[in-house]
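Fit chain B to the given chain A structure using the hints.
Which chain is which? The protein sequence lines are A and B, in order. If you use full-length UniProt numbering, the first sequence closes out at 394, no skipped numbers anywhere. If you use full-length UniProt numbering, the second sequence closes out at 213, no skipped numbers anywhere.
Treat each hint with caution, since some may be false.
Simulated pairs of lysine to aspartate or glutamate, EDC-like, Cα-Cα distance not exceeding 20 Å [said to hold, decoys possible]: (1) 190/B / 249/A; (2) 108/B / 367/A; (3) 155/B / 38/A.
Residues of chain A clear of chain B, computed beta-carbon distances all greater than 12 Å [as the list claims (entries may be wrong)]: (4) 247; (5) 342; (6) 345; (7) 348; (8) 355.
These aren't lab readings, by the way, just hints derived from the structure by calculation. All values reported here derive from a predicted model rather than from experimental measurement. Where is the CB? At the ideal position from N, CA and C, for every residue including glycine.
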Amino acid sequence: MLLVRGSVCALVDSLYSPPPSSRSEYDVYGFKTVPEDDEEERLVAKVRALDLKSLSLTEQEVSVGVKWENYLAGMGTREMARSPELKALVRSGVPHEHRSKVWRSCVEFHIKKFPESEKANYYENLLGVAREKQNPASKQIELDLLRTLPNNKHYSSPESQGIHKLRNVLMAFSWRNPDIGYCQGLNRLAAIALLYLEEVDAFWCLVVLVEVFMPRDYYTKTLLGSQVDQRVFKDLMSEKLPRLHSHFELHKVDFSLITFNWFLVVFVDSVVSDILFKIWDAFLYEGPKIMFRFALALFKYKEEEFLKLQDSMAIFKYLRYFTHTILDARKLMNIAFVDMNPFPLRQIQNRRTFHLERVRLELTELEAIRQTFLKERATDPDGRTLISDDEEDN
Amino acid sequence: MEAIWIYQFRLIVIGDSTVGKSCLLRRFTEGKFTDISDPTVGVDFFARLVEIEPGKRIKLQLWDTAGQERFRSITRSYYRNSVGGLLVFDLTNRRSFEHLKDWLEEAKMHVQPFQIVFLLVGHKCDLIQLRQVSREEAEKVALAFGMKYIETSAKDTVNVEESFTVLTRDIYERVKRGEISIQEDWEGVKSGFVPNVVHSSEEAVKPGRRCPC
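With the rest of the complex left out, here is chain A:
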């Protein structure tokens, strides 16, 4: 088995990859773009891959690449400093070849506030503990390792370097944050980070996402923070996309059931990879506001299609897959960064405070109901033992 120190590169650059089945095709991130079996699916996937390819070769994409080259040349060996220029560049998407560098610099900027990040052996020590002891998170982490990004070749077999690193990052994180331990979804965040970052940086990236970017209790036992953000998002939908919002209301479609997932895993598995990584570029630079911008932009992009649907089931079905049908990253980014303006962070924070109190109250009520229910069951002779002795009489 490889030692932690032996694996020093990001997965996308690694020369090691399991022998892919001859008929499968993969994108630069390692995601399977064309499946091997179903002929019809292969055809559809090929057309889609071509569409994406042509979108990545437009003049605009080339010009973004040139701007980055100029910027980096101008930087020389200096560290990337935050500036309006860099922010605008990141918003236009970071080219694949520069992504590791940019992501690392974003992570480094935010971990300055953690003094332990300066300690050379901090991460290794956590891993040492994880190797010696079990914690409540270990079992579920182990179960989920091979279920993480199953379509990505870097995570496809138990021997993959990716799986090994993923285990380390998640275990170390669970020891750092015992109140979170492991929450399903964190595996996807870590796996995406590992594609472009070295293992220890991916660990810190996860720390930044959970401890700096997301509000408290986003991934803890009640997912309080996540629940609050969905209410905030509903408010924003009604403000920014009122027609669509009332359309959903009319058909009693609670879209937050689907969007909850977008926020928890920052769009992993919800959008095509070219778009996913561009969202992550801006997200890592600017923080959680980006999730709201893009969540709204995705709806705006397909607003007319939604408005045509007049049946709740059809709407739900479309909700589940429409994000995968969006291929034009430029158009989406334009909606997110231009059409959705103004977008004050203060407003989001105010809404969060407002909803936090309400969700807290609801959770308290729920807990009371649970306690009453359990008490009643304990005193109710029929309910006490579900597998009761009288089944013998039947």
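Just chain B now, with coordinates in the frame of chain A:
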């Protein structure tokens, strides 16, 4: 074209993480099976029509739920708006069988005073050698819970159709008998667009359906 259906039922699928809930649903709705599927975060949605009697179709709205315990605070609203569900455990994982009671209590707590019709599903029956729960044992538990029991495999397509059909038919019978009725502000059962098959019981809607459990 919109297919004609007499009712729409909303069903949920619950049970421990990795028992195969999503695989079961994917096999049933898309006819596909993947060895590996990523954990469901929050909830997922599927839909399919089933024919319970010649010419009588029911539209199923199927909600897949996350197995990890902390997601239960998100999934609670589904219980309330569901008329039935599959309570799934993994035949090769004893713990998932032992947790059934917790799942059922959670469900009953959230649906009261409504009732919800469950079917107990022992999943992954293709893995004969790894089995940790016998059929007899599972049947006994099903009886105690007041449910039917079925063993399935999404991998080998064993009883996948049957499990959903059995549950659907069970609910349909109860709707016909008037034990379950359509109600405003409840998504569990909705009436379709075919006027001549509306059952008499629906016209006399009894308010306040009581949970018989």
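These are the hints, each one checked on the structure:
| no. | hint | result |
| --- | --- | --- |
| 1 | 190/B / 249/A | 18 Å, holds |
| 2 | 108/B / 367/A | 15 Å, holds |
| 3 | 155/B / 38/A | 17 Å, holds |
| 4 | 247 | 18 Å, holds |
| 5 | 342 | 30 Å, holds |
| 6 | 345 | 25 Å, holds |
| 7 | 348 | 21 Å, holds |
| 8 | 355 | 15 Å, holds |
In the structure shown, no violation is registered for any of the earlier numbered hints.
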